[in-house]
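Chemist: Assembling the complex is the task here: the two chains are given apart, and the hints tell you how they should meet.
One-letter residues, chain by chain:
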Amino acid sequence: MSSDSEITPSRRGALKCLAFGGAGTLFALTGGILAPIDLALAASKKSALAGTPLFLQISDTHIGFNKDANPDVAGTLKQTIDFVNAMPTKPALTIHTGDITHLSKPDEFDTASQLLAGLDITELHTVPGEHDVTDGIGTEYFNRFGQASANKGYYSFDHNGVHFIALVNVMNFKPNGLGAFGDDQLAWLEQDLKNRSASTPIVVFAHMPMWTIYEPWGWGTGDADQATSYLRRFGSVTVLNGHIHQIVQKVEGNITFHTARSTAYPQPTAGDGPGPGPLKVPSDQLARMLGITSIKISAHPSSAVLTDTTLG
Amino acid sequence: MLTKNFGRKFIDAFAVTAMLAVASAAGTGAAQGQQANAVVMKNFDFAPMSITVKAGASVTWKNLDGEPHTVTSVDGLFRSGALDQNDTYTFKFDKPGTYKYLCSIHPRMMASVIVQ
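Those protein sequences? They're chains A and B, same order as listed. Under our numbering, think of the first position of the first sequence as -3, with each following residue one higher. Under our numbering, think of the first position of the second sequence as 291, with each following residue one higher.
These aren't lab readings, by the way, just hints derived from the structure by calculation. You may find that some hints are simply not true.
[Stated by the list, open to error] Think about it this way: if two alpha-carbon atoms lie no more than 20 Å apart in a straight line, the pair counts; the simulated PhoX-like pairs of lysine-lysine are: (1) A/K63 <-> B/K332; (2) A/K276 <-> B/K332; (3) A/K63 <-> A/K74; (4) A/K276 <-> A/K63; (5) B/K385 <-> B/K344; (6) A/K148 <-> A/K170; (7) B/K352 <-> A/K63; (8) B/K352 <-> B/K390; (9) B/K390 <-> A/K170; (10) B/K390 <-> B/K344; (11) B/K382 <-> B/K352; (12) B/K332 <-> B/K390.
Quick caveat, the model's predicted, so the values are computed rather than measured.
Here chain B stands alone, though its shape is the one from the complex (with noise of 0.2 Å):
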C-alpha cells in the first residue's frame, strides 16, 4: 500500500495563471530591407556558419526547418526564442567583435556574427 507522503503539490502549479507578457523575440520583422544580411536555419545546420556585417547593421535569421530552433547567443546578448518553421529573428549589432551564438534546442548548432 503507498503511502502518500509528499511535501509539496505540483498540480498548484497547473493552475492556469494569467499570463502578462506575451512578448516573443520571434517573428520581430524589423529591419526587412536588409535581407542581405540573411542566415538561415536548414537541416540542423547555420548558414551561413559565419557572416560579416559592420557595426550598426542588422541580421536576419530564419527558421526552414520543420523543427524549432533558436538564436541564442552565448554571452547572453540576444536570444530569439523558439523559432518555428518560417519564422524569423532579427537582431542590431552596434559594437564590433565577434559574437557566437548557437541553437539552444540543438546546441551542437554554433554559428558566429562577426561585426566590423
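Chain A on its own, in the form it takes in the complex (with noise of 0.2 Å):
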C-alpha cells in the first residue's frame, strides 16, 4: 500500500496533522520541496509523481531483533529491498536513519551491510540510532560508518543541488530523557549553513524526531530547537526522522518533519502501553505496519513529495 503526500506551500497549512503509516519512504525533490511517495506505488508503474525520486529513506532496521513482533527482520528488510530494486526508476542515493542494528554487535552490522549491498542503489548515507551505538563512541558503527564525519557521526554533503545534513542526536543524552544535539554539534551546524543561499533545498536526517513528539518516552530533541533557527530563513527543509516506527508528520513554515515507517517492527502509539518497545500484532497485519518512504523534490515551482510505502 502506498500513499503520497505532495506538500507545496498553499498545502502547507492543512498539514498540521498526523499521519500514520507502515514500510518505507522514497522522497523525491520537486521545485524545492521534498515528497514522500509510497514504494508500492512508485514500484507498480502507476505513480502519476513527475520526475525521478531524488532519494529513498530506509529507516529502524533492527537487525539482530528476533522477538515475537517479527522473527524475521532480515526477511523483511529483504523484501523492501526487492520491493525498490523492482522501481521502475531509482533514486540515487539511500538515506539510513539509524538503528541499523538492535544491539551494536558485529554481526549485526555484517548482516546489515550484506543484506543493503543487495540495493541496487549504491550510494548510501547513515547516521546511527541509540541502538547502534551502545557500545560507545569510536566503535563498531563509527568503525564502518564513521570515516564520512571523521568519526563525529555528522557531515553533510551536495546532491542534485541539494544540501543534505547528517546529525546525530543519540549521543549525548539530557536528564530529560531526549535525544540531543550538544553544543559542538550546532556550532557545526550554524557554520555549516552559514554561506548558503536560502534558495537552497535543505534535507536534514538524524534518527531521533527533531521535534518533541512525546517526551515522557523520550521522543523528542531536547536542543532542535536551536537547530531548526538555523534553518527556518531557508525556502524548503525536509527534516527526515526514524526512532518510532511509524509515520508523524509537521509542517511548520518551511520547514516538513517527517518520521519515517521501521522495516522490522511497528511500535505503538505515543503514550499505548509501559514503553516504546516493540508492538506485536498479527501477522497478517505486519506488512502494512513497515516500509520506507521516497522523497522527490522540485524546483520550480518548489515542492517536496515525499510517498510512503509499505510491504503490503
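Modeler: This is how it looks when you write it as C-alpha cells:
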C-alpha cells in the first residue's frame, strides 16, 4: 500500500496533522520541496508523480531483533530491498536514519551490510540510532560508517542542488530523556549553513525526531529548537527522522518534519502502554506497518513529494 | 536527470571488515554469588531505582524486558553495552560515592548506586 503527499507552500498550512503509516519512504525533490512516495505505488508504474525520486529513506532495520513482533527482520529488509529494486526509476541515493542494528553487535552490522549491498542504489548515507552505539563512541558503528565524518557522526554533502545534512542526536542524552545534539554539533551546523543561499533546498536527517512528539518516551530532541532556528530562513527544508517506527508529520513554516516507518517492527502510538517497545500485531497485518519513504524535490515551483510505501 | 555529484562512496563502508574483538560486556556473569545486590530492568524502569552497597561490592543488573536496555554511567565509569532480554551485567564498585546511570537506549530510565 502506498500513499503520496505533495507538500506545496499552499498546502502546508493544512498539513499540521498526524499521519500514520507503515514501511518505507521514497523522497522526491520537485521544485525545492520534498515529497515521500508510497513505494508500492512507485513500483507499480502507476505513479503520476513527475520526475525521478531523488532519494530513498530506510529506517530502523534493527538487524538482530528476533522477538515475536517480527522474528525475521532480515526477511522484511530483504523484501523492502526487492521492492526498491523493482522500481522503474530508482533514486540515486539511499539514506538510513539509524537503528541499523538492534544490539550494536559486529555480526548484526555484517548482516545489515550484506543485505543493503543488495540495493541497486549504491550510494548510502547513514546516521546512527541509539541501538547502533550502545558500545560507545568509536566502536562498531564508527568503524564502518565513521569515515564520512572523521568519527564525529555528523556531516553534510550536496547532491543535485540539494544540501544534505546528517546529524546525530543519540549520543548526548540529557536528564530529561530526550535526544540532544550538543554544543559542538550545533556550532558546526550553524557554520555549515552560514553562507548558503536561502533558495538551496535543505534535507536534514537524524535518528530521533527533531520535534517533541512525546516527551515521557523521549520522542524528541532537547536542543532541536536551536538547530531549527538555523534552518528557518531557507525556502525548503525537509527534516527526516526514524526512531518511533511509525509516520508522524508536521509542517512548520517552510520546514516539513517527517518520521519514517521501520522495516522491522511497529511500535505503539505515543503513550499507549508501558514504553516504546516492539508492538506485536497479527502476522497478516505486519507488512502493512513496515515500509520506506521516497522523496522527490522539484525546484520550480518549489515542492517536495514524500511517498510512504508499505510492504503489504 | 540526476547528476551524480558525490565525493564519498559510503558503500565502501559496507565492505565486510574483519572484526578484531567481540568483547561485549553483556552477559559477563561474574560475581554470581552476589545476587543480593541485584537490579532489574522491567517495564522501562530500573528496580530498585536506588541501591546501597558497601565499597568493594558488585551490583548485577538483569534485563527482563523484551526491549534491550543498557547500564551506562553518567560519568563514563561503566557501560554495559546492549543487554537483550535476560542478559546480565555486573560491575564492582571500589570507592564510596553516588553513581548515577541511565539506559542509553531509553534515557528517561535513570537510577543510582550508592556506595558506602
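Chemist: Work down the list of hints and note, for each, if the structure agrees.
Modeler: Outcome of the hint check:
no. : hint              : verdict
1   : A/K63 <-> B/K332  : holds, 16 Å
2   : A/K276 <-> B/K332 : holds, 18 Å
3   : A/K63 <-> A/K74   : holds, 18 Å
4   : A/K276 <-> A/K63  : holds, 9 Å
5   : B/K385 <-> B/K344 : holds, 9 Å
6   : A/K148 <-> A/K170 : holds, 19 Å
7   : B/K352 <-> A/K63  : holds, 18 Å
8   : B/K352 <-> B/K390 : holds, 17 Å
9   : B/K390 <-> A/K170 : holds, 13 Å
10  : B/K390 <-> B/K344 : holds, 16 Å
11  : B/K382 <-> B/K352 : holds, 15 Å
12  : B/K332 <-> B/K390 : holds, 18 Å
The structure meets every hint from the earlier list without exception.
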